[in-house]
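Using the sequences plus the hints, can you model the full thing?
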Amino acid sequence: MEFINIIWQVLRASGDILADSSVYVLFGLAIGGLLKAFLSPTAIARHLGRGRYAPVFKAALWGIPLPLCCCGVLPAAAALKKEGASNGAVTSFLISTPETGVDSIAVTYALMDPVMTLARPLSAFVTASATGLAQSLLEDPRRPAAGAQDLKALAGHEHDHDHDHPEDHAGGGSLPGRLRQGLAYAFGELWGDLAGWFLVGLVFTGLITVLVPEDFLARHLGGGLGTMLIMLLVGVPLYICASASTPVAAALILKGISPGAALVFLLAGPATNLTALTVLWNFMGRKATLVYLAGISVMSVLCGLALDQIYAWLGISPRALAGAAAELVPAWAQVTGALLLLGLSVPHILRRWWRPKAVTLAATPEASPGQTCSGPT
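Using numbering that gives the first Met the number 0, the letters of the sequence shown map in sequence onto residues 0 to 376.
Keep in mind the hints are simulated off the structure, nothing from the lab.
For clarity, every value in this text was computed on a predicted model and none was experimentally measured.
Hints are not guaranteed to be accurate.
Stated by the list, open to error - With a straight-line Cα cutoff of 25 angstroms, these simulated BS3-like cross-link-like pairs (lysine-lysine) come out: (1) K286 <-> K81; (2) K81 <-> K57; (3) K57 <-> K254.
To be verified - Derived CB-CB ranges, DEER-like: (4) L228 <-> L117: 23 to 29 angstroms; (5) I348 <-> I6: 42 to 48 angstroms; (6) G223 <-> V199: 24 to 30 angstroms; (7) R218 <-> P175: 55 to 61 angstroms; (8) V233 <-> G176: 40 to 46 angstroms; (9) L228 <-> G14: 41 to 47 angstroms.
Cβ atoms here follow ideal geometry from the backbone N, Cα and C, with glycine treated the same way.
In structure tokens:
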């Protein structure tokens, strides 16, 4: 009976988080779909043009709102490379895009507070820009990096057509057609990429809420450089997307982890994992991959330390403000949104998780057989 009671408490806690965030998730998905319909990575690449330093900042800025997972961002980066972008610009885009997006920003606002909501995309921009600049400074401009075709091969054929030929998804060029295409993408492919991992994140959140005693993490971890290094070690190899990491980070904050330590997890987790690092090593080279990993690690910790100082200066308690935005949404809207998200999730989970179809990450003879991407990061 005790075990059943624990399961019920976990499910109830997970359901509460789902209800609190559901309306904001739906809003973020809708905005992400509209971005997909009216902005394509290829068009962004054309605006970036050639250059070594300025495109690094532009690529970081453009990557922040785009709701692309790890698999989706690779062909988008291929479009940048095809237009002549430098390694620094490509690296900047590869970091800022999976670290945040309109969907994860909306969930952050629902489950945390306005300070974290602003700090997350700003930190992603700073991390991506700094790492991209370091890449540009260290790379040999006379030696091109992996070409567009190589980057396309990383993500496999399933994502190629979405980003390399955006005109195929323009809905005939009409405004209603683009709106339909954007919303269909938002609640179809985009939520299909996120649904399973988001629900897994909710379950982990429920487990943390129920099983971790109050103030346990505050007594043993809390904040500071040591805790952030631990969050970094957890986040770097972890396979998690930006939206799925948000409720986990919110639960950690409620249990006593500092917002800066949670930010390290939010930055490092979505942008890195062992499979992606292995692929980058094969296609971008050892030095570029080490710069990529070192830049994310150093900058995420620095951003985390700065964020803790900001909370201290403002005298704000992140635990007191967590989830305040959810109180603005009526209970009936929360329940309706949660049921809608669950209903949208069922067909995607049955198709993608029960009968997973792996996406080949590297279509080369040297690629390891285990290098596949079967879901979002």
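Quick rundown of the hints versus the structure:
1. At most 25 angstroms may separate the alpha-carbon atoms for a hinted pair to count; K286 and K81 meet this at roughly 22 angstroms.
2. Straight-line distance between C-alpha atoms of K81 and K57 comes to about 16 angstroms, which keeps the hinted pair within the 25 angstroms bound.
3. Only pairs whose Cα atoms come within 25 angstroms are accepted, and K57 paired with K254 is rejected, the gap being roughly 37 angstroms.
4. Distance hint for L228 and L117: a CB-CB separation of about 24 angstroms, consistent with the stated range 23 to 29 angstroms.
5. Look at I348 against I6: about 19 angstroms separates their beta carbons, and that is not inside 42 to 48 angstroms.
6. Our hint of 24 to 30 angstroms for G223 and V199 holds, since their Cβ atoms are close to 29 angstroms apart.
7. At about 57 angstroms, the beta-carbon gap between R218 and P175 stays in the expected band of 55 to 61 angstroms.
8. Between V233 and G176 the Cβ separation comes to about 44 angstroms, which falls inside the hinted range of 40 to 46 angstroms.
9. Range check, L228 to G14: Cβ separation about 34 angstroms, and the 41 to 47 angstroms hint is violated.
In summary, the structure is inconsistent with hints 3, 5, 9 from the numbered list given earlier, while agreeing with the others.
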